[in-house]
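Following the hints, complete the assembly by docking chain B onto the known chain A.
Protein sequence lines, in the order shown, are assigned to chains A and B.
Take the first sequence: its position 227, counting from 1, is numbered 227 in this note's numbering, and each next residue is one higher.
Plus 384 on top of the position in the second sequence (first one is 1) and you've got this note's numbering.
Worth flagging that the hints you see were computed from the coordinates, not collected in a lab.
Take these hints with a grain of salt, some might be off.
Unchecked claim - Computed footprint of chain A on chain B, listed as stretches where at least three residues anywhere in the stretch have a Cβ under 8 angstroms from a Cβ of chain A: (1) 495 to 504; (2) 534 to 541.
What the hints assert, rightly or not - Non-contacting residues of chain B with respect to chain A, defined by C-beta distances greater than 10 angstroms in every case (computed): (3) Arg460; (4) Asp548; (5) Arg566; (6) His583; (7) Asp607; (8) Val667; (9) Gly689; (10) Gly696; (11) Ala743.
No residue lacks a Cβ here, since even glycine has one placed at the ideal position from N, Cα and C.
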Amino acid sequence: MLPAALAAMTEQLAVVGNASSLHRTGRAARRAVEESREKIARCFGARPSEVVFTSGGTESDNLAVKGTYWARRDRDPARVRLLVGATEHHAVLDCVDFLVAHEGAKVTWLECTPDGVVEPATVRAAIESDPDSVALVSVMWANNEVGAVQDVRALADVAHEFGVPFHTDAVQAAGHLAVDFEASGADLMSVTAHKLGGPIGVGALVVRRDARLVALTHGGGQERQVRSGTLDTPAIVGFAAALVEATASIETESARLVALRDDLIERAMALAPDIRPSGVWQRGDGVRRLPGNVHLLVPGCDGDSLLYLLDAAGVSCSTGSACQAGVPQPSHVLLAMGVAESDARGALRLTLGHTSTQADVDTFIEALPAAVERARRAREATAS
Amino acid sequence: MRVVAAMSGGVDSAVAAARMLDAGHEVVGVHLALSQSAATLRESARGCCTIEDAGDARRVADVLGIPFYVWDMAARFKRDVVDDFRAEYAAGRTPNPCLRCNEKIKFAALLDKAVALGFDAVATGHYAQVVQTDDGRGGVRRELHRAVDAAKDQSYVLGVLDADQLARSFFPLGDTTKPRIREEAAERGFFIAKKPDSHDICFIADGDTRGWLTRELGEAPGDIVDTSGEVVGHHAGAFAYTVGQRRGLGLSRPAADGEPRYVVEVRPDTNQVVVGAADLLGVNAITGDHARWCGPAPEGVVHVGAQVRAHGEEYAATAWAEGDRVEVRLDGRVRGVAPGQSVVLYDGTRVVGSATIAASRLERTPVD
Chain A
1 MLPAALAAMT
11 EQLAVVGNAS
21 SLHRTGRAAR
31 RAVEESREKI
41 ARCFGARPSE
51 VVFTSGGTES
61 DNLAVKGTYW
71 ARRDRDPARV
81 RLLVGATEHH
91 AVLDCVDFLV
101 AHEGAKVTWL
111 ECTPDGVVEP
121 ATVRAAIESD
131 PDSVALVSVM
141 WANNEVGAVQ
151 DVRALADVAH
161 EFGVPFHTDA
171 VQAAGHLAVD
181 FEASGADLMS
191 VTAHKLGGPI
201 GVGALVVRRD
211 ARLVALTHGG
221 GQERQVRSGT
231 LDTPAIVGFA
241 AALVEATASI
251 ETESARLVAL
261 RDDLIERAMA
271 LAPDIRPSGV
281 WQRGDGVRRL
291 PGNVHLLVPG
301 CDGDSLLYLL
311 DAAGVSCSTG
321 SACQAGVPQP
331 SHVLLAMGVA
341 ESDARGALRL
351 TLGHTSTQAD
361 VDTFIEALPA
371 AVERARRARE
381 ATAS
Chain B
385 MRVVAAMSGG
395 VDSAVAAARM
405 LDAGHEVVGV
415 HLALSQSAAT
425 LRESARGCCT
435 IEDAGDARRV
445 ADVLGIPFYV
455 WDMAARFKRD
465 VVDDFRAEYA
475 AGRTPNPCLR
485 CNEKIKFAAL
495 LDKAVALGFD
505 AVATGHYAQV
515 VQTDDGRGGV
525 RRELHRAVDA
535 AKDQSYVLGV
545 LDADQLARSF
555 FPLGDTTKPR
565 IREEAAERGF
575 FIAKKPDSHD
585 ICFIADGDTR
595 GWLTRELGEA
605 PGDIVDTSGE
615 VVGHHAGAFA
625 YTVGQRRGLG
635 LSRPAADGEP
645 RYVVEVRPDT
655 NQVVVGAADL
665 LGVNAITGDH
675 ARWCGPAPEG
685 VVHVGAQVRA
695 HGEEYAATAW
705 AEGDRVEVRL
715 DGRVRGVAPG
725 QSVVLYDGTR
735 VVGSATIAAS
745 RLERTPVD
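This is chain A alone, in the form it adopts within the complex:
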């Protein structure tokens, strides 16, 4: 956590108070929540009333996708088709699968380019095939595995031409890229605190006032009646503090991370001709690829072998997204980008953040050659 967030949150933890209560302590808690809401809204170019607090990105995505689907279908039973990017996070993908399996939804997967980008023409074609059936378009702002950044404004504009609401999962982008909700044109935007230096367990769905949502949790009617439940005031305060700090340093931090990222990628590629970054990567580009995202394909290796060997050498990395860390599967993101399955198994994802240093990059580059050699032998040993 960013120090400012930790300090703000721990201070608030010592304060009793339910933000829904009318008494003095309740009013104090409510003031802390609302001030946080205003800070968060300002950082995201949204109005305070557009910020709905949730438990994090997964809940925000669930509320956005299911809540919009049910609201749209209730008003027009023909609107059951979801247009969703093929490289979305499971928090979106599995909502879609659920709605298809249990709620009569249909889905059109939006294909991406080999760089992991969904083109506006793809959205247009998908809508035009049957415009009156579309409930929602959902495309993530930045991909969690390969760091590809979408042109959200262009995609949202296409959806709006047909009167279709647009959701974007901005969990990876928020705090790392300039994220302006109003300018983006999105109707709904998911964010989470822990990806930008805040606490785990709190996030928000930023949602336009005119968007229609069916609530998923029912009870006290908090958060515009769409997200009942007592608010976690300390976490919300920590979220706001982290976002304010991340936003203030976004340009300098972005430039610093891009430099580290490019150094890491170039030195890794120099080690072996077949090691390559996946997705969009251009030296110095912190706009089309997340500044701190490194994603390498290392053919001939299993990601979990690399993971073990690098972990033993003091480098923390992952193969796909952390949620897939149970049983290793080739990433659906890489497969959607057209990467061969055997190459997708050798994926290595490193995230550079506010604690990352040049020394971390050096440690990784020193450990990589031996790790790759051993991992290749391990795959050969099990291939027969």
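Chain B alone, transformed into the frame defined by chain A:
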């Protein structure tokens, strides 16, 4: 040493990992994902390889403070164990998939991968002992022996390990009884200390092997005949029967002498199951193939103890090897020797080796 502890999520492999750590080794926990549908949650207390088991193993690794990984060997497991299991039954034999898994997966694919990654050995929660002895040439020889807990002894399913595999294997539980292992798990604070043992075949979650085979191989109705060829019943697939089986035959006509009848032969070519009286099951000669030796192959005729099924009795016998084949002559008659099972040979508590039973018969003339 750097050791991979194979962790199923059960109590035995958890204690095995802990003991390796106590012994001063550098231990990394590895759970093998073997199921084709690893996303299924536990359906019953049987079996393994569910997500819940992987989670249990991970939890133990966290308690021990060791790194933990899931290695996906489902494709190898399917090819080398499940497909083999199905093909063996289809051919009228009764395979033991645990032996095959130890031979091809745990002490081959897993061990090979571990060695390639820089590990020295694999440790498992099997009940068996490795004893180091002088090899007579100034070195040490690692011998595989029965566990001290006769009721839990699993040396039978390890009888396929060769000397190279044994040299890189640890079985830290072999000197302890199962009840004591459960106590130790509780003392170590493992929440799985009371978790039920896995039984039967891990990839047949409901324990219904006949049902699984029928689904996999399809129904193939045929006749149950007696030794004179007379039809005495019907079956839905000869593959579901095992030599020595008495239950579940559903015979329409009792035997003339009123004595119980047993499966004495399975004939996949004619899809017939042959039943007969118990004394037809008694054999004293076994021919095995696919011989595997846990140390040097025996030279000449040797006196051994022979075990023909997991947790079965050990019988006095003589045996000799002829290349990949092994001939075993039992001192007495033994019932229920099923082709496809393994015959594991012992010298005292030491495992000499094993072979897959290809044929058995009754020889009237004693062997010199």
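*Going back to the hint list, which numbers does this structure go against?*
2, 3
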